[in-house]
Structure formats: structure tokens, C-alpha cells
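Novice: For reference, the chains in residue letters:
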Amino acid sequence: MLETDFTYIVDTLFILFSMTLIIFMVPGFAMLEAGLVRTKNVAAVLTVNVMIYATASMAFLLIGYEYAFGTWENESMSKWAFFMFQMAFVGKTVNIMSGGVSERSRIIPLAMFTVVMGALIYPTVVNVSWGADFLDGTFLDLNMYDLAGSTVIHSTGGWALLAAILIIGNRKGRYIKNAIRVIPASNIPLVVLGALLLWIGWFGFNGGSVGSIASKDNADAVALTIMNTNTAGLSGAIVAGLLMFVRYGKFDITMILNGALGGLVAVTAGPDLYDVYTPILIGLIGGALVVIAVPIFDKFKLDDPVGALSVHLVNGIWGTLAVGIFVADISFIDQLKGVVVVGIFAFTSSYAVLFIINKFSKFRSDDDEQMEGLDVHECGLEAYPEFKRAI
Amino acid sequence: MLETDFTYIVDTLFILFSMTLIIFMVPGFAMLEAGLVRTKNVAAVLTVNVMIYATASMAFLLIGYEYAFGTWENESMSKWAFFMFQMAFVGKTVNIMSGGVSERSRIIPLAMFTVVMGALIYPTVVNVSWGADFLDGTFLDLNMYDLAGSTVIHSTGGWALLAAILIIGNRKGRYIKNAIRVIPASNIPLVVLGALLLWIGWFGFNGGSVGSIASKDNADAVALTIMNTNTAGLSGAIVAGLLMFVRYGKFDITMILNGALGGLVAVTAGPDLYDVYTPILIGLIGGALVVIAVPIFDKFKLDDPVGALSVHLVNGIWGTLAVGIFVADISFIDQLKGVVVVGIFAFTSSYAVLFIINKFSKFRSDDDEQMEGLDVHECGLEAYPEFKRAI
Amino acid sequence: MLETDFTYIVDTLFILFSMTLIIFMVPGFAMLEAGLVRTKNVAAVLTVNVMIYATASMAFLLIGYEYAFGTWENESMSKWAFFMFQMAFVGKTVNIMSGGVSERSRIIPLAMFTVVMGALIYPTVVNVSWGADFLDGTFLDLNMYDLAGSTVIHSTGGWALLAAILIIGNRKGRYIKNAIRVIPASNIPLVVLGALLLWIGWFGFNGGSVGSIASKDNADAVALTIMNTNTAGLSGAIVAGLLMFVRYGKFDITMILNGALGGLVAVTAGPDLYDVYTPILIGLIGGALVVIAVPIFDKFKLDDPVGALSVHLVNGIWGTLAVGIFVADISFIDQLKGVVVVGIFAFTSSYAVLFIINKFSKFRSDDDEQMEGLDVHECGLEAYPEFKRAI
Amino acid sequence: MKKIEAVIKPFKLEDVKDALANIGITGMTVSEVKGYGRQKGHSELYRGAEYVVDFLPKIKMEMIVTAEQVDEVTTAIVDAARTGKIGDGKIFVSDIDKIIRIRTGETDNEAV
Amino acid sequence: MKKIEAVIKPFKLEDVKDALANIGITGMTVSEVKGYGRQKGHSELYRGAEYVVDFLPKIKMEMIVTAEQVDEVTTAIVDAARTGKIGDGKIFVSDIDKIIRIRTGETDNEAV
Amino acid sequence: MKKIEAVIKPFKLEDVKDALANIGITGMTVSEVKGYGRQKGHSELYRGAEYVVDFLPKIKMEMIVTAEQVDEVTTAIVDAARTGKIGDGKIFVSDIDKIIRIRTGETDNEAV
Ligand SMILES: Nc1ncnc2c1ncn2[C@@H]1O[C@H](COP(=O)(O)OP(=O)(O)O)[C@@H](O)[C@H]1O
Ligand SMILES: Nc1ncnc2c1ncn2[C@@H]1O[C@H](COP(=O)(O)OP(=O)(O)O)[C@@H](O)[C@H]1O
Ligand SMILES: Nc1ncnc2c1ncn2[C@@H]1O[C@H](COP(=O)(O)OP(=O)(O)O)[C@@H](O)[C@H]1O
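Protein sequence lines correspond, in order, to chains Y, H, C, B, U and V. Following numbering that gives the first Met the number 0, the numbering of the first sequence begins with 0 at its first residue and continues without gaps. Following numbering that gives the first Met the number 0, the numbering of the second sequence begins with 0 at its first residue and continues without gaps. Following numbering that gives the first Met the number 0, the numbering of the third sequence begins with 0 at its first residue and continues without gaps. Following numbering that gives the first Met the number 0, the numbering of the fourth sequence begins with 0 at its first residue and continues without gaps. Following numbering that gives the first Met the number 0, the numbering of the fifth sequence begins with 0 at its first residue and continues without gaps. Following numbering that gives the first Met the number 0, the numbering of the sixth sequence begins with 0 at its first residue and continues without gaps.
In case anyone wonders, no lab produced these hints; they're calculated from the structure. Hints may contain errors.
[What the hints assert, rightly or not] Below are the BS3-like pairs computed for lysine-lysine, each with C-alpha atoms no more than 30 Å apart in a straight line:
id, chain 1, residue 1, chain 2, residue 2
1, U, K39, B, K2
2, V, K16, V, K97
3, Y, K176, Y, K78
4, B, K39, V, K84
5, B, K16, U, K97
6, B, K39, C, K176
7, V, K16, B, K2
8, B, K16, V, K97
9, B, K39, H, K300
10, V, K84, U, K39
11, V, K97, U, K16
12, H, K298, B, K16
13, V, K16, B, K84
14, U, K84, V, K39
15, C, K176, Y, K215
16, B, K39, H, K361
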């Protein structure tokens, strides 16, 4: 057997395995968000999650993929496998955004935005970072190292979310005068299940992004990537738990999980480049950033029911810069340039698209609908019709 | 290393991976059905799901497998891996059937039927389609192309369900005179979780059915199969969502998921044979068929709480015929013959077996038991004892 | 390509796959236990599960791994992959213990114990059984065959649990005079989901423990291991179901699942050594042992809300001895010696550590806290705040 | 004005509601309660231990009616809610001083 | 002593509670109920079939007050709970014979 | 006939039920309610923000008894439900005009 056949086969299998893990993030996001919102908005949030997977993937298949990579051809593995792997990413950017505006956003305009994100915005970001690179040779050309998308996925989604919050506004009753009304998660087991599925999906996300397992070096790189990914999640969870305990004497599990996710986002830019101890530090800072950022965004009255800004935007930036700080060969300036260029593009293009869509089809559910819950208005059903709601 | 050793090893790993994905369909079906039935029947439905996995698999291990394939021997991969892969299928046919008669069926007779299905009925269908083929040479010999079981699994389960509904009857109070009483799902997050786990399981189901990944061509075939499988799910979901929105202005998530599952069933017969666009069409039709079929079955007063007839029977047939329509080399007549022969066998044998079991051990819970809920009567416990039921 | 490269690559992939399956046991344990406890203790139990994964893994990374295996070096696959695989095990021993003392244990002392378990106790057990073996040459040297940890993982966790129950005591109100107050599970779908995720994780646990898939023999061994693992789970479930039906005329799903888990624990010591029928018997006995042991532990007033003593301790012992009984080459005495030596070490060391921690930081929540629920006191939030509690 | 409280079996709610609608009663407030009485609960099972569930689910309906309507209403309820089996429930009638409709401020008989 | 029962819209609970606190009423017992009245439920959708949800979620507040407080309390509730839209709910006032505070054994007006 | 309503702490339900059974009271209707009174709720935490939970879970028991039984019953409840700590709850007694047992149509004292 030819060695190229061997690598082709093994890498196809490896990428299909990685892709499958990422698809577990679809129920992951769905359960996480369904657990974090109030019962009256659970079906709507779940519908949005399924809609995103269906719509973003289809838009990527029909338009975005070829635009991002310039070609379907692939020498090193089955092109269909590589497509599936890349397709598994695209919905995530919208998930990040939709989660942060849940409990007040209507499905139709979200679906329109999803199409544009899947067909154009996200593929543009991929094009200039991992793909065909139409900026090549211009002064905007990016040399950022971003293995699995701290910037390409997470900050991109985060910037889109920031634009969306500015356009859609906060949940009714969330900030009354200067008081913040706390709106607790409705179903903690779902939150935990969702976060842990995301965690597992991350092994595929980052491991698969190494691109090949079919040499000894690559096998080591993949395994190191997965190990370091996991380690940053561990330390993100630990630091968030400790900080909550020191401050309140209690272990707020939703914050601990957000800390873990923050660590995972932060390590995503360069898990293959670190030794096995650096991710501990990166995750510690990532988890701490989440704990610090959540109340700050609240202070600025940016209402984000799932903490996506703190997890994905803040740590997406931190993680990308961290590669420049901790890895000798990587230029901090290149990393910063990547963060800024992608940030400006993602924010302004999302803002513009959201703004235009909003003219035709209002994103925001009106106050009465929010009061009664989006489930009845958007989906026509209740998530838990037989369970009596407490006061 | 010998090339045959290489393919043996890689395919064993590949099939174990595929098998594992299929096993995720066990919690998949369990969560889907637990979410779709009323809270008072949730524990019973879950018990049935676990019972099916245990009983059908054991019956297949002891009897059905050898009957289906004629031998345990296998040259191309570990025979134990191949067995596990095939064993992962068997419960699905009963899952399809039990889901459709839930909220009124007792566990003991269902377990008896499961044994017969796992030991005889399903293995017979496999024998004549994928296995030893005792019809070989007779005029009944089938040349149907059915990669992963649109007919062998899904319609077979669907026909068994139709027989079961005829024998067991409808849930008490479901059809009163000419009115249909709507009985909504009790737990939408579980429905979504279950459907998404099924979706992921499908990658293993169809991908693994290619049988080998250990050549460049096979690697391509597996990847294309998984991609096309996914695509049909996407378009099934999209079309169901659009149709609901056009008709009701709302996004009924349970219908959207059924649409996705319909698309997945429909593509299952030939995902390796299509280009990457055909599955879009197959899924669109599959999803639309579900939306159309659900009310039709209700009109005929065939009470199917989970929509299994529309998803599995209707789309199992459509998917098998679709191969004959869209693939040049495949004869439509052969496909139709397969659908008809398997359909007649599956329906009549299931009907006969159900009828006989029903003489000894009534399938149907009596009205009082249905009123109080099957959980207390069949399982002796409640699924959510601490949660107060709403009116 | 060199054959050693091939095996290195394929085994790295194989072990990463196995490891990922084991990580599914993290949500598996979390959902199982969240479903089994009362709603007022659900968030606390979930927090403990996440804490264990984070803390035990970190302790193992920093200290335990090198202590257990003597070295990080690995010739046969990526050392990072092998670490991740081993790391996936370590939390399980604490999961077993924490589950059995849930609804009354505080998080801080549990976290302290987790660190000691992950850094010292569990690594010591691994050292003498699978690892560097500092007992080598002494009269205590173990020759026990324990492929995937019937003793190393399951009884070790079980002994730690027994020590913990003795120190922490029973839940308030569980045993009043000589009456046993039944405290039913609060969320059966979560129980089922959790148990099935554990089941799937077991494929990785036992399959991966074969250590390599990269030869025909190893491929067979892995596949046989997974098949036998599954079979014992099937028969454990079946026997528990039958026994419950014979005794009560009802199918108690929580007992059926415990039976399945009992079968899985029991087969874990030697699934690669049995033919395909022996696991049926091992699982039957394992499932029956669970059904018998649960009420016995209750009689001794050892309050174990999730049945972990019966599942893990009893069957860990049974499974280890079973290898000595059913496999010709394996000495029963060696097995027994392993059970006894590990048991004495695990119990006494856990007892001592728990005792000391308990001096500084009480494990037990006081009665009022237990009455109100640990969630509010330990986590500051409720698991299901919008759902009304029934009486 | 009188307050009528009826504790009935859950699955009789629709029938009783329809019976009341037939005699022109359309205002009522309903809640799920647990009943304890002669009817005994079933026994449940949990991991090999049986125990008895004492309190049974019932529906409590409350409606305020004019004094003249009381007999008609109670008869309608009894007819619609009776199964003849133990645990059918009870009806309690008591006095109400005053009623106010929040939306309009109307009081007493106008507000029923 | 009088018992005041008010059935109100769920999202008005905070407002009513605050209004009552302002006039010195701090003891009350609240429960979720379902209301049936002129306000009709919305229609829901399930797998292609529409149906109407009859019973609407409401909050029932019960508080025992002295006879003199009745008018002040009912006025406060009406003011705080009114939206002017159908379904705002009703207030019922009735007599109470006797009150006991379990903790102290105090009775009647001292126990309010 | 009299209606006795008692609002008690949830974990006292079993004790009170047993105490009532001892004096021959076996009919009652129970529901979960939320109480607001002197006892203040605990504070909860959610992603780094603390807030106070105002309403505390309580159990409301309702039972109809004959006028003669009132004192005995209320004493039994007070004894069984008292912890001496704030939030123990209250008992309210009022008049009932009429009782009907749905199953038999029996009325008043026979129907208690
Ligand atoms: N004295 C009572 N006070 C309050 N509720 C009662 C009383 N007696 C019975 N009930 C309610 O009526 C329900 C039915 O009563 P039960 O004695 O079981 O049957 P039946 O009314 O048919 O004799 C009980 O479950 C309880 O909710
Ligand atoms: N006669 C009645 N007895 C008991 N509760 C009633 C009665 N009439 C109305 N209610 C309660 O008041 C709520 C509001 O009444 P509704 O007729 O819908 O609106 P409005 O009071 O604005 O006319 C109802 O949902 C129900 O809970
Ligand atoms: N005036 C009242 N009307 C109705 N319910 C009341 C009233 N006062 C108290 N309650 C109920 O009694 C419960 C206990 O009252 P609280 O003032 O907290 O303690 P205590 O009775 O020990 O002084 C409250 O939670 C509430 O449910």
C-alpha cells in the first residue's frame, strides 16, 4: 500500500471522528441554552439551535465553503470528509450570537442572519485566515496563528453578538433603572449536560484542526492538542470555582462551567504549540476573565443571558493574544493584528446585516410576547406543558 | 505489514467507531420518546427502550445473527466488531414500533414481541437483503439497493408498528367521535436531545454500512455517505420548518425534528450513490412527506404519539424508491419489488406474532391504567415525582 | 512506512477514540446522579461531578500520573494520548464514592479528598497493579488480572465509599428507628440518559484497556472486549428486570439500570479472556448481586442513594474473582489476593484521609441544610427554580 | 354571594367545566391539590423497596356564584364529577361578603 | 377578621406585593392557579394540529386582615393589579372566625 | 361546620397528618403555596449576582370539620407544627354553609 493511501485513509477516518465530536456541540449548545433560559423561552431557544444547524450548514454547503477555501479539491483526505469537518464549525459562530440574544429574539430574522453568516461573513473570515486568502499580498494580510478559531470562530461570534445586543436591546425587565434583575437558569442539569457535551466536542474541534494524524509527529501534535485543550478547561473551571467560593462562600455551577468554557476558548488558538503546563495558566486567566467580565457587561447594560460575551469574545481575544505571548516564534503584533482586523470586519459586517434585516423583520419580540414567553408566540407550544410553574 | 492486515485493523476500528455512534441512538430514541409522551408514561417508555436494547440484542446474539448471515466468520475485519455493528441495528426496528404504540402498551408482551423480532422477523429480512439470502434463485429474490436500511430497518419497523396499532388500538381519549384530542409533548428539551443523538447515530449507521474505509475509494464513499446523510437531514428540517411557518406562522419544533428524521430515513437507502445535491431534494420531499402524512394518519385514526409511521414507514418507502428514481444503474422495479416483498412479509409476520402474543398477554393497558399513567402500573414509580403536574 | 509508525499512529487514534468515550462518562455520572437525588440536591451533586473531573484530573496531571507509571515516556503511541486515556479513569473512583454519599456531603471537603485520591490513593493502586509496581519482589506483589479495573477502579471507589459512609453518616430521616424511608429518584429520564452514557463509555474503558488495536490479534481482542462488555450489561439488565418482575410484578427501571451497570462492572476484569457466552453468566450473576445487595446494605443502615456499593464494590469483587473462576490460566488465589490487598489499602487509606479532612472541614451538612437542600447552601442556587415542587 | 369549592378527580375537570358552562357558569379558578381521605394511595416501588403514596392528586375548583345559583351549580358538579367510586371528592359552600372585578372596579353581583 | 382572596395576572405579583407592603401588609400566602373566565386562552400547535389552551395561569393571593383594613387593602390591590385588559382578575372578601399563630399560639388580631 | 386552613412548614406535613389521624381526622386537602411574612427568604446566587428569594415554600392544609372538633383540631395542629422558629405559619378558621360528598350525595355532617 502506498503511504499516501495510508495517510488519506487514516486522515479521512480521523477527520470524520473529529467532525462527529463537533456535531455533539449541536446538542451541547442546545441543552446549555435551554437550561439557561426561563422555561417560557425554552422551545424557542431550541428551535433556534436546530434552525441554525440546518440553515448555516446548508448555506455553507451551497455557497460559503467554496468561497472560503476557493476549491473543493483535497489531496490529503476525502474532500467530503474535509467539507463535513469545516461545515461542523459554521453554525457555532451563530450559536454564540443567538445564545446571547435569547429570550427576546424572533426566529425569522435570526434565520435570515444565519444564512448571511453561513454564506458570507464567516466564510470571509475563514478565507483570510485559514482559506483562499484574498488579502494575500495586501497590507491587511494576516499572519495570525489561530489553530482552531479563538478568533475565527469565537471572537467572530462574539462580535456578532455584541452587534446584535446593540440592535436588539435587552430583555424586558432585565435592567430597571439602575437595578439589575437576576434571571436565574431554569434547568441546571441541562446546563451541565450541554457544557460537558461542548467540552467533548472541543476535542474534535481542536484535535481535528491539526489536520492530520497520519505521521508520528502529527499523532503527537493531535494528542498534545487534545490534552492541552482539556487542561485549559480544567483550570478554567477550577479558578472560577475558587473565585466564587472566596467571594460568596458558594459554588455557583453556572459560573464554574462558564469558567471552563472560557478556558477552552482561550486555549483554542494554539494548543499544539504549548507545553503541557502553559495551558494551566491560560485557562486560569481565561476562567478568571469570565468571572470578571460577566458583571462588567452587566454594568454596561449589555444583557447576555448565557454569558457568551465573556466566554467567547473576551476569551477569544485573550486566547489569540496568548499565543503571541507564550510561544517564542509567534509575533504578538501579528496576533493583535488578526484580532483587530477580524474584529472590525466581524463587528461592522454583522452590525450592517443585522441593521438591514431589522428594517424588514424586527428581531425583537414585543414586551407582551416576552412576558408571555417566546415559546407560545414563536413555536406555538410550551416546552414543559405538564409541569406547573412556580411563582 | 500486509495490506490485508492494514485493512483488517483499520476497518475494525472504523466499524467499532460506527457501531458506537449507533449505540448513541439508544439514548437517542429513549430521550425522544420520553420527551414526546405525557409525564405519567415517561418511566414506562424509558423502561421499554432499555428492555428493547437488552432483549433484542441478546436474541440477536443467541439466534438472530447466525440465522441472518449464515456464519460468524469474517475475513475483512474482526468478526466480533462486525457482529457488534449488526447488533446495533436490531433494536431500532422494535424502537420504531414501540414508540408508535407508547402510552398504552404493556411491557411484558412488548418484550415477547421483541424477542421474536430480534431472533426471527428482522433476521429474516436481513437474510434476504444483506445476508445469507435463502430466496436466492427463487422468483422472490431481491435485487433492491438499500445501503443502510430505508426498507430493511425503517419500513420493517414501520410495518410492525402499523400491525401493532391495528391490534393494540389508540390511546384512550385520543379520538372522541370525530374530534382529535391533541396530546402535546411533555418535555421539549428531551425531544431535541433525542432527535440530535439519533442524527449523530445516523452517521455511524449509514457511514458504517459502506462496510470498509480502508481504501481511497472506500474512504471517499464513507465520507460522501455521511455528508449526504447529513444533507438530507438538513433539508428535511428546513422544509418542515418552512411548511409549518407558511401554514401556521409558527415553528413547531417537534414537526421540524420529525422532518429532519424523515429526511434522514429517506436518504438511507443510497447515500453513497448520490451526488451532493440530490440528497437536498430527497430530504425536502422526505420532510414534506412527514408534514403531510402526520395529519393523514390521524384522519385514519391511527394513533401514533411519536409520528413513527410518517417518519419511518412513509420515508422508508420513499427513500428506497428514490434510489431507483435518481440513480441510473438502479432499477426502479427492483426497488419497488423490495419494498413490496419486505412490506408484505414484515406486516403479516408482525401481525401474526402480535396477534398470538395478544391472546396470552394483552398488549393494551386498560382505561383506568392509561388514565392513571403506565408508570405507576408497569414500573411502580413516577418519572418526575417531585414535580407538580399542571392541569 | 515503517510498521512501528503505523501502529503508533493507529493506536494513538484508537486511544484518543477510547478516551473520548470515557469522557462521556463525565456527563454520564452527572446525569445519573442528578436524576437519582431529590430536586433540592441536584445542583450540588452536579457541582461535585464537575469539581471531581476538574480536580482529580489536575491532581493526576501534576502528581499522580508520574507516580503511578514511573515515567511519561511511551514507545507505542503518543504519550499525550496515553496520559489522556489514563486521566479519563481517575475521576471515576471519586465519582463512585461521591455518588454514594450525595444529598449530605459538603463540596469543600469532598474537593480535598478528590485531590488526595487523584494524586495519591488511586495512583498507588495503579502503581501496584498496572504501573511501575513498587511492590515488585515483595510478598505483596500482585499478579491479579484486571484488564480495565473491576478492582483497580470499581472496588477502589467502592471501598472509599464505604469508608465515607461510615464517617459521614446517613441522610437525615433516611432510617427512623427500624423503618427505612424510601427516597425516590426525582428525574428518571436523566437516570436513563446517564446510565446509557456510562454504558457507551464502558466500550472505551474496556476496549481501550487492551492497549492496542494495531495488529490482527489486537483488533480481535479489542472487538471481543467490547462485545463481551456489552453482553454482560445486557444480561445484567435482563436479570434485574426479571427478578423485579417476579418479586413485585413491576419493572423498576432504576433497578434494571443498576443491574446493567453491575454486569458491566463485573465483566470489566477480563472481557478479553472470555468466550462470547461466559459474559452472559457473569452479567447475570452481577445483575442478581445488585438486586440482592441493595436491600442488604439498607439493612445494615448504610445509606447509599445511588446504589454504588452494590454496583461497584460488590461487582468489582465478583468480577475480579470471576476471572479466576472462568479462565483456566488465571489463578483464583492471585485474584483473591489482589482483591484483598487492594481492598485493605483502599479502605484504610481512604478512611484515614477522610477522617483527617473531617477534623478540619466537616463533610456532613447539618440537618437544617439537608432539610432545605444542599443546593441553596452549597451552590446558592436551585436546580429547577421555575418548577413547582410537589408535596 | 357564595363560594363553591369542589374537590374532584383530575380527569373529571373537562366534564365538570362543560357541565358548568351549560348552566352559564364561566368564571372559575382551578388548582391542583393533593387529597387525603378514605381513598388510599397506591404503593410505589423504588430499587426494591415498596412504599405507599398517601396523597392523591385532585383538582380544586373555586367559583363564586350568586346565592340563587348554588343548588343548580352543586347539582351540576355532582352529576358531572361522580364516578361512584371512592375518592370522588366533596363540595363545600360558604359565604362571600364582597366581590370586586379588578379590571372595572365593579362589585358584588355585577362582578360575579 | 376578614380573608381577602385576589386572583391576579402572574406578572403583577411583584407590584401588588409592593403596594401591600406600602400600606403595612406583610403577611400573605400565594399560589399559582389556573383561571377560566371571559379572557380566552391562546391556541397552541402540536405537530400540525392546533388546539386551544383554556385555562390561563393566574396567581391567587390570600391574606387575612382586620375588618378595618379591608377597603384600604382591596383598593391597593385593584390599583396595582389593573392593566385594564380582560383577565385582570377578581377579589373576594369573606369572614374569618379565628386566627392562630402557630409559633406563639397568639390568636385573632394579634395573630394577623 | 367549619373550615380550618393551616399554613405550615413543608417538612411538618407528615407530623401534622399523623397528629390529625390520631384524633380521627382523615379527610383533608393539601396544596403547596408560597408564604410571605416575617420570615425572610434566603439569598441566592447566579453567575456572580446575589438576589433574595422572597416567597418561601409552605404547605396549606384545608379540612372541614364539625364545629365541635375545631378546638381539638387546632390544638393538634399547633402542637405538631410548632418548631418555635419564625415562619411556623398560621391557622384560620371560617364558616362553611354546606358540604356534599360527590360519590353519595350525602350532605353536611354526614359528608365531613
Ligand atoms: N374533611 C375534609 N376536608 C377537606 N377535604 C376533604 C375532606 N374529606 C375529604 N376531602 C377531600 O375529598 C377527597 C375525596 O375524599 P375520600 O374520603 O377519599 O372519598 P369520598 O369523598 O368518595 O368518600 C379527598 O382526597 C380530599 O381531597
Ligand atoms: N365567578 C368566579 N369565581 C371564581 N373565580 C373567577 C370567577 N370569575 C372569574 N374568576 C377568576 O378571575 C379571572 C379573570 O376573569 P376574566 O373573566 O377572565 O376577566 P375579567 O375579570 O377581567 O372580566 C379568571 O381567570 C378566574 O381565575
Ligand atoms: N395575614 C396573613 N394572611 C395570610 N397568610 C399569612 C398571613 N400572615 C402570615 N401568613 C402565612 O404564614 C406564614 C408564616 O408567617 P411568618 O410571619 O413568616 O411567621 P410567623 O407566623 O412565625 O410569625 C407566611 O409565610 C404566610 O404563608
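Novice: Starting from the hint list further up, note which numbers the structure goes against and sort them upward.
Specialist: Failing hints, ascending: 3, 4, 5, 9, 10, 11, 14 and 15.
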